[in-house]
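J.: Heads up: the protein sequence lines correspond to chains A and B, in order.
Just so you know, we're using the numbering used here here: the first sequence kicks off at 1 and counts up by one.
Just so you know, we're using the numbering used here here: the second sequence kicks off at 1001 and counts up by one.
Source of the hints: derived by calculation from the structure; they are not laboratory data.
All the given hints hold, so there is nothing to weed out.
Going by beta-carbon spacing under 10 Å, a handful of chain A positions derived as facing chain B: (1) Q8; (2) G48; (3) C86; (4) Y99; (5) Q105; (6) R107; (7) W135; (8) A152; (9) G155; (10) E162; (11) L200; (12) F205; (13) R213.
Facing chain A, from chain B, some residues (calculated, C-beta under 10 Å): (14) N1012; (15) Q1032; (16) P1044; (17) W1052; (18) V1056; (19) T1058; (20) V1083; (21) V1106; (22) W1135; (23) I1156; (24) K1201.
Straight-line alpha carbon distances no greater than 30 Å define the calculated DSSO-like cross-link-like pairs of lysine-lysine that follow: (25) B:K1020 with A:K212; (26) A:K168 with B:K1212; (27) B:K1201 with A:K124; (28) A:K65 with B:K1124; (29) B:K1168 with A:K212; (30) B:K1212 with A:K27; (31) B:K1212 with B:K1202; (32) B:K1124 with A:K20; (33) B:K1202 with A:K124; (34) A:K212 with B:K1061; (35) B:K1212 with A:K124; (36) A:K65 with A:K27; (37) A:K124 with B:K1020; (38) A:K201 with B:K1124; (39) B:K1065 with A:K124; (40) B:K1061 with B:K1027.
C-beta: ideal position from N, C-alpha, C; glycine also.
What follows is the residue order along each chain.
There are 2 protein chains.
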Amino acid sequence: MNSIAPAQLIENLSWRYATKQFDSARKIPADQWTTLEQAMTLSPSSFGLQPWGFVVVTDPKVREKLRSVSWNQPQITDASHLVVFCAKTNLGRADVQRYIDRIAQVRGVPQDALAGFRDMMLGKVEAPGADNLPWSQRQVYIALGFFLSAAAMLGIDACPMEGFDPAKYNEILGLTSQGLTATVIATAGYRSANDSYAALKKVRFEPSDIIKRV
Amino acid sequence: MNSIAPAQLIENLSWRYATKQFDSARKIPADQWTTLEQAMTLSPSSFGLQPWGFVVVTDPKVREKLRSVSWNQPQITDASHLVVFCAKTNLGRADVQRYIDRIAQVRGVPQDALAGFRDMMLGKVEAPGADNLPWSQRQVYIALGFFLSAAAMLGIDACPMEGFDPAKYNEILGLTSQGLTATVIATAGYRSANDSYAALKKVRFEPSDIIKRV
Chain A
1 MNSIAPAQLI ENLSWRYATK QFDSARKIPA DQWTTLEQAM TLSPSSFGLQ
51 PWGFVVVTDP KVREKLRSVS WNQPQITDAS HLVVFCAKTN LGRADVQRYI
101 DRIAQVRGVP QDALAGFRDM MLGKVEAPGA DNLPWSQRQV YIALGFFLSA
151 AAMLGIDACP MEGFDPAKYN EILGLTSQGL TATVIATAGY RSANDSYAAL
201 KKVRFEPSDI IKRV
Chain B
1001 MNSIAPAQLI ENLSWRYATK QFDSARKIPA DQWTTLEQAM TLSPSSFGLQ
1051 PWGFVVVTDP KVREKLRSVS WNQPQITDAS HLVVFCAKTN LGRADVQRYI
1101 DRIAQVRGVP QDALAGFRDM MLGKVEAPGA DNLPWSQRQV YIALGFFLSA
1151 AAMLGIDACP MEGFDPAKYN EILGLTSQGL TATVIATAGY RSANDSYAAL
1201 KKVRFEPSDI IKRV
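Chain A extracted, bound-state conformation:
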């Protein structure tokens, strides 16, 4: 652990904003992008089950297609990178087993020692009426939070976006057959000097309206 000072954290989180206009000439260097991918991967999730997939789209032709089903928002094509945060659509026993296998592998523990944990997860994902997709989608938003926060720490601009057609994204990216559905997206890169939004004051309700104490 190599913690940072509170003031530096707040400075970076205050610096970030939902970038409306990216400098299309500037690309995120490979080592920085790798770091952002690692940050996504390190996101926590319920049980650690990682009910997600992240699609990184850099192909300009695909980005054009996606823009056409994203209200023509320029960030889709102009940002250095686009990530489609997806939730698993058929979360179930196979995913739980795959995760248990992975724990056994990484930690070198026998499957038997993980039976209780496996059964607890199965009890959740196989419960009658289990609402696994909305649950997975909520987890995906943690990963979005980690991504945006990490970008801010690295001095990379980003824009989280919900204004797109998930069904069309699934179609264009072939997600359905992979058991994934597009849930939320983020574009990342560097703000254009012309983005007037960059200079606007950040608007938050008064802390006393948002934070209650008991």
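Start from chain A and add chain B according to the hints.
T.: The following block gives chain B in isolation, referenced to the frame of chain A:
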């Protein structure tokens, strides 16, 4: 902006884990806690609408009550701080107007200039069949991600938790009458030297299983 090095970011995100046993004697210093509250408040949300409330519970008696409806998990009482991340239950026109009022106030712009933005938001939250609660709950998970990421950056341990009874939380904390519902919680403080989970290797699927490239 005062960015940090990629290695430091990854070091801190790798250091964090879902703390199972907190050192109940150690409290988060006030300035650090204030920073975590600021980080939550700075979380992005769709439209910037902040459809949430954060309840910080420090009263030991209330924490005992909450523990009894949280599978008796010790973190609820032993951690330095407990935050209940809540979503707004009746998100609608009044919330949109309150937000517009706040933008006008913070940025010093006339209400008229914000009419288009207001109408766009109303089109979303007042759409027939609008599913505002699940949508707000997803936003709440961004704030959870910001909180957990910020804690890791500051060297503060935390544990996100879904294993609690939201209806009982709403009752104990009087949330329903405030238009809020408990969505997810996090405990924060410092790991106990006895927490064997701290030494376990972090388990993530192979990046190639999680990240696709197009």
